[in-house]
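Protein chains in written order, with our numbering: chain A, 1 to 288; chain B, 1 to 273; chain C, 1 to 289.
Read the hints as simulated data drawn from the structure, not as lab findings.
Nothing here was measured: the structure is a model prediction, and the numbers come from that model.
C-beta atoms are modelled at their ideal positions from N, C-alpha and C, and glycine is treated no differently.
None of the hints are false.
Going by beta-carbon spacing under 7 Å, a handful of chain A positions derived as facing chain B:
(1) Met150
(2) Ile151
(3) Phe156
(4) Asn166
(5) Ser172
(6) Phe173
(7) Asp176
Here are some chain C residues pointing at chain A (derived, C-beta under 7 Å):
(8) Val94
(9) Thr97
(10) Ile109
(11) Gln111
(12) Gln260
(13) Val271
(14) Ile286
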Amino acid sequence: MTYILHLIIIFDIFTILCLSLNILTGHLGLFSLSHALFYGIGAYTVSLLMLKLGWPFIISLIFTVIVGGCFGFVLAKITSKARDADYILITLAVQVIGYSILINWTGLTNGPFGLSGIPRPVFGSNALTGSGLALFSTVLMGIIGLMLKMIQDSPFGRTLKAIRENELAATSFGVDANAFIRKSTILAGALAALAGSLYAIYATYIDPSSFSISESILFVLILVIGGSGNIKGPIIGALIVTLLPEALRFFNITANHAAEMRQVIFGMTIVLLMLLRPHGVAGAYRLE
Amino acid sequence: MIKWEIAWLRRITNYNSKICIPMPTLEIRELSKAFGGNRILENISLGFSGGGLTAIVGLNGSGKTTLLDLLCGIASPDDGDILVNGHSILKLPMHRVFQLGIARLFQDIRIFEELTVLENVMAAMPSERYNGLVSAIFMRPSMITNEKHREIRANQILKAVGLRIRASALGGNISYGEQRLLALARLFATNSSILLLDEPCSGIKTKLAENLLKTARDFTQQGSIAIVVEHNLNLVAKFADSILVIAKQGIHEVSQSMIQDGHSLAALIERLS
Amino acid sequence: MYSYLAFLGIIDGFQLLFLSIALSVLFRIEKTLNFGLAVAFTLGGYIAYEFSLLPGLPVWAAITIAVPIVALLGILLDFVTFWPLYKKNASVLVVMTTSLGVYFASSGILQLFWGTEVLVIQPGPSMTFQLAGFNITHIQLQNLAIYIMGSLLLYSAMVLTNFGRRIRAMGENTMLASALGFNVRKIRIASVALAYGTMGIAGALIGREYGVSANTGLSVFLSAAVVMIVGGLVSFWPIFIAAIGLGLVKNLSLGMISDQWQPTITFAILVSYILYSLSKIRYPDIVKR
Numbered sequence: 001m002t003y004i005l006h007l008i009i010i011f012d013i014f015t016i017l018c019l020s021l022n023i024l025t026g027h028l029g030l031f032s033l034s035h036a037l038f039y040g041i042g043a044y045t046v047s048l049l050m051l052k053l054g055w056p057f058i059i060s061l062i063f064t065v066i067v068g069g070c071f072g073f074v075l076a077k078i079t080s081k082a083r084d085a086d087y088i089l090i091t092l093a094v095q096v097i098g099y100s101i102l103i104n105w106t107g108l109t110n111g112p113f114g115l116s117g118i119p120r121p122v123f124g125s126n127a128l129t130g131s132g133l134a135l136f137s138t139v140l141m142g143i144i145g146l147m148l149k150m151i152q153d154s155p156f157g158r159t160l161k162a163i164r165e166n167e168l169a170a171t172s173f174g175v176d177a178n179a180f181i182r183k184s185t186i187l188a189g190a191l192a193a194l195a196g197s198l199y200a201i202y203a204t205y206i207d208p209s210s211f212s213i214s215e216s217i218l219f220v221l222i223l224v225i226g227g228s229g230n231i232k233g234p235i236i237g238a239l240i241v242t243l244l245p246e247a248l249r250f251f252n253i254t255a256n257h258a259a260e261m262r263q264v265i266f267g268m269t270i271v272l273l274m275l276l277r278p279h280g281v282a283g284a285y286r287l288e
Numbered sequence: 001m002i003k004w005e006i007a008w009l010r011r012i013t014n015y016n017s018k019i020c021i022p023m024p025t026l027e028i029r030e031l032s033k034a035f036g037g038n039r040i041l042e043n044i045s046l047g048f049s050g051g052g053l054t055a056i057v058g059l060n061g062s063g064k065t066t067l068l069d070l071l072c073g074i075a076s077p078d079d080g081d082i083l084v085n086g087h088s089i090l091k092l093p094m095h096r097v098f099q100l101g102i103a104r105l106f107q108d109i110r111i112f113e114e115l116t117v118l119e120n121v122m123a124a125m126p127s128e129r130y131n132g133l134v135s136a137i138f139m140r141p142s143m144i145t146n147e148k149h150r151e152i153r154a155n156q157i158l159k160a161v162g163l164r165i166r167a168s169a170l171g172g173n174i175s176y177g178e179q180r181l182l183a184l185a186r187l188f189a190t191n192s193s194i195l196l197l198d199e200p201c202s203g204i205k206t207k208l209a210e211n212l213l214k215t216a217r218d219f220t221q222q223g224s225i226a227i228v229v230e231h232n233l234n235l236v237a238k239f240a241d242s243i244l245v246i247a248k249q250g251i252h253e254v255s256q257s258m259i260q261d262g263h264s265l266a267a268l269i270e271r272l273s
Numbered sequence: 001m002y003s004y005l006a007f008l009g010i011i012d013g014f015q016l017l018f019l020s021i022a023l024s025v026l027f028r029i030e031k032t033l034n035f036g037l038a039v040a041f042t043l044g045g046y047i048a049y050e051f052s053l054l055p056g057l058p059v060w061a062a063i064t065i066a067v068p069i070v071a072l073l074g075i076l077l078d079f080v081t082f083w084p085l086y087k088k089n090a091s092v093l094v095v096m097t098t099s100l101g102v103y104f105a106s107s108g109i110l111q112l113f114w115g116t117e118v119l120v121i122q123p124g125p126s127m128t129f130q131l132a133g134f135n136i137t138h139i140q141l142q143n144l145a146i147y148i149m150g151s152l153l154l155y156s157a158m159v160l161t162n163f164g165r166r167i168r169a170m171g172e173n174t175m176l177a178s179a180l181g182f183n184v185r186k187i188r189i190a191s192v193a194l195a196y197g198t199m200g201i202a203g204a205l206i207g208r209e210y211g212v213s214a215n216t217g218l219s220v221f222l223s224a225a226v227v228m229i230v231g232g233l234v235s236f237w238p239i240f241i242a243a244i245g246l247g248l249v250k251n252l253s254l255g256m257i258s259d260q261w262q263p264t265i266t267f268a269i270l271v272s273y274i275l276y277s278l279s280k281i282r283y284p285d286i287v288k289r
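Only chain A is shown next, with the shape it has when bound in the complex (with noise of 0.2 Å):
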């Protein structure tokens, strides 16, 4: 059962992380490579407010979820003119200096060992724990997806949509498009964000390793194989990296090399979908 719980948080956080970055990826079009970071800059924020400053979780929730649009608001302003390849290598370099960051501000972050011993949530007197934890998750991934339909389904889900197309024409029909990945970046920061607050509270321990830069291509790899430009795709993205260590315990790989077999089998799947099928499992846009 507690295993069972483990899966159904690890799956909505995943949910999370990749509908936000489905935002700027699938919708936009944009190639994220910096969204481990604000992963974990939630991460940090949440643990650290309430591990130093001893505040109450929702305020602390609340506070890292508009640290995390700030964020996002500081890149969608550095990337203003970037698109294509030089969007991803500046968000390719914004992921490698924050994350240097994380490693050697050790004042601030403790560096490579990480923060412990972060408190769970406490509701009433009772810390959130196990299945009060995953019902927790599951009703914020639930509402996020909804309102990311809600958004999808819009004026503006369809304005994104036509400047992911064709800037020039959406521009040269009045949209100002630098605003409106303006708004969509402060929103992919602020939920990755929060996801990345859940995975704190979650774990009770965090470190640097989990916020590199092989973790920012995993979630684009996880976007691409699921698909992208609509709700499903990222839902089906997160559930095949939940549940692929399950598949690999039936082959009898041991957890000492699961990681690795990730590694290999989410690879070989990328390929595999560029050569045969680039709208992934369940997606929309189809890349290119």
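Based on the hints, put chains B and C in the right spot on chain A.
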């Protein structure tokens, strides 16, 4: 046979009076533009006021498309000014130039391929209060009602250009001729009073091209400005109310009485170039 | 201390020059960064390491055997993944995403075989020389010599030989190149072999000096990519200055800050360069597609 109902089109698109000025004016003052040391346009001064289709013709490389690029804000001139209804557009970003009432039909169409034909037209409609992120979540009922109205208007525009039956097809999956019509439908959906059409007849059948230009000309009867860059001189001679020739020595207005057909226009262009 | 750091910076700089020229060979054709080359670097080191364990085999023989193996694996990889995409006229985004998949899968396989520890090719005492008051090892000198010769050879090949001209022509316009009778497939195979082989050599040389591990390939690849982007593809001196400059900045800064900040310096330079070049372009020109 495609039926064009222009007055009806104007009525159904005329919901945003901000960019649909009844009698717009467009003024070009001593405009110059060079690319890499090569002077494309030099000291061009022109004035346009509502009513009538103006065709701009000239040899390849004479600066026709460059002029349109300058008018819609894609490029900025080296010297001179462009005024729309008295407002200079020089320092404005492209989306703000649109909001002053200038819309462009691109030579290379630029359809939103992964959006449906209906969504293409709806995407071109001017921004309204329900376009934002907050509206998408917190003003849902009003947004949905507004969307329904826009959908009705978009369907009416598509019906007018003969694309209603293709409304649910993806923009990338329709034929080239249909894409040209879709581009025109999008242009009408913008409700702009100054239309810039860059080689709208390129690659389509003569009958369709004639209907397209006739529609654009009829659109100007209500007072809008339409400027067309076109290589098909027969069509230009037939439908343009005024013709401007861009040549090395500058820009020349050609009176209709000097032109019988495309051949005479071509000969005139050669002489002036 | 700073003179020693400057010397290390010069070695690093020439290594980056060597790698960035090799990267540019494939970049011209694919128009995007191919992350598979990051794995070629690590693979070269690992294969040379394995061969160096054979009794009686000199280290240079091990490196010499490793290089064509890496080149052949690169050709095979290209045949299976990138060549079909090339024929389908896939966009640069698809090619880059595929290369990320290749990197991910390949580095997973490498970690399964070799783990994550640092393996040094034929460790042991090395000869040292005195230069300007500090000691340098014969390995460092050998590596420097190879980087300098390799860079000059590669650059000359790209600029002075017909092969290099054809690669550059193909990079500009593949269709025209085919129409002019270029054997596009052969040129591509040769470029892939050259790029992968060069990364393999560099991996083996680094494996002698510092050791090789699963994680070194990506950081070296990215540093070389930064040099290639900042230096450009047009002429030698900008890329030379970018390479030596980055090498010097990275190493001299060790005198002031921890080496963990090195990636920050490299990528801060990249971001500054990209933002500077974008600031000179008007917005609509960026999105004209």
